[in-house]
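**Q** Each chain, written out:
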Amino acid sequence: AQSVTQPDIHITVSEGASLELRCNYSYGATPYLFWYVQSPGQGLQLLLKYFSGDTLVQGIKGFEAEFKRSQSSFNLRKPSVHWSDAAEYFCAVVLSGGYNKLIFGAGTRLAVHP
Amino acid sequence: NAGVTQTPKFQVLKTGQSMTLQCAQDMNHEYMSWYRQDPGMGLRLIHYSVGAGITDQGEVPNGYNVSRSTTEDFPLRLLSAAPSQTSVYFCATLDRSSYEQYFGPGTRLTVT
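Just so you know, the sequences run in chain order A and B.
Residue numbers for the first sequence, in our numbering: 1 to 114.
Residue numbers for the second sequence, in our numbering: 115 to 226.
Some clues are possibly wrong.
Claimed, not checked - Below, simulated DMTMM-like cross-link-like pairs (lysine to aspartate or glutamate); rule was C-alpha separation at most 25 Å, straight line:
hint, chain 1, residue 1, chain 2, residue 2
1, A, K68, A, D54
2, A, K68, A, E88
3, A, K61, A, E88
4, B, K123, B, E173
5, A, K61, A, D85
6, B, K123, A, D8
7, A, K101, B, E186
8, A, K68, B, D152
9, B, K128, B, E186
10, A, K61, B, D187
11, A, K61, B, E173
12, A, K61, B, E144
13, A, K101, B, D187
14, A, K101, B, D140
15, A, K61, A, D8
16, B, K128, B, E144
17, A, K68, B, E144
18, A, K61, A, E20
19, B, K123, B, E214
20, A, K49, B, D140
21, A, K101, A, D8
22, A, K68, B, D187
23, A, K61, B, E186
Think of the hints as simulated: they come from the structure by calculation, not from any bench.
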């Protein structure tokens, strides 16, 4: 079955530290990959996406993600975390042609210590 | 541009009651979707629509109905609410040129 796994439910980092959030997917073909962020009580906002080409993609708010086909992974990174980055982060995939049928991971809740 | 709007923001229902969650968009996107968000499960697709008059089931459609009479509106109906439908519901549209989905602010529904 198609699935998206985010192994870390909660992560806590200190402000200024680096961050990596993990995402693995299981599909036969390379899907379209997304990272979304959800601040408390808010809807979801797109951070970045990968369709093809350069496997390192840049997003908003200083985030980047790297697609690794051999590991079926699409991990999200940020070199220096700010307190305002505290939120829940969702990895999502859609099969080519699946249009708006996003499949989401369970999410990773990020806490930032001052 | 208001983007994607949802009403109400909060709702409490008794088991067996019916209600409609409203979703409207002003971005002229053909594709719209309804998701529910439950703790530890991410968002799951309930129903989606690829244009006016066309709808289809997602991952968890049971207990929900949708219709799409206009491009702008995509209401979600609960015919007989159950406690298992306690959740946060998000409506989203899709920009087909970028594959980016735009989410509404959500409706928090509690069924007692």
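**Q** Determine for every hint whether it applies to the structure shown.
**A** Now the hints, each set against the structure:
1. A:K68 with A:D54: holds (11 Å)
2. A:K68 with A:E88: holds (23 Å)
3. A:K61 with A:E88: holds (14 Å)
4. B:K123 with B:E173: Between K123 (chain B) and E173 (chain B) the Cα gap is close to 24 Å, so the pair holds against 25 Å.
5. A:K61 with A:D85: holds (9 Å)
6. B:K123 with A:D8: violated (30 Å)
7. A:K101 with B:E186: holds (19 Å)
8. A:K68 with B:D152: Given pair K68 (chain A), D152 (chain B) is violated - Cα atoms ~29 Å apart, limit 25 Å.
9. B:K128 with B:E186: violated (29 Å)
10. A:K61 with B:D187: violated (32 Å)
11. A:K61 with B:E173: violated (31 Å)
12. A:K61 with B:E144: violated (29 Å)
13. A:K101 with B:D187: Distance of about 18 Å is within 25 Å: holds.
14. A:K101 with B:D140: Given pair K101 (chain A), D140 (chain B) holds - Cα atoms ~21 Å apart, limit 25 Å.
15. A:K61 with A:D8: holds (21 Å)
16. B:K128 with B:E144: violated (34 Å)
17. A:K68 with B:E144: Answer violated: K68 (chain A) to E144 (chain B) is near 32 Å, above 25 Å.
18. A:K61 with A:E20: holds (14 Å)
19. B:K123 with B:E214: holds (23 Å)
20. A:K49 with B:D140: Cα-Cα ~24 Å, so holds.
21. A:K101 with A:D8: Holds, at about 24 Å.
22. A:K68 with B:D187: The hint is violated at about 39 Å.
23. A:K61 with B:E186: Status violated; Cα separation ~30 Å.
In this structure, the earlier hints numbered 6, 8, 9, 10, 11, 12, 16, 17, 22, 23 are contradicted, and the remaining ones agree with it.
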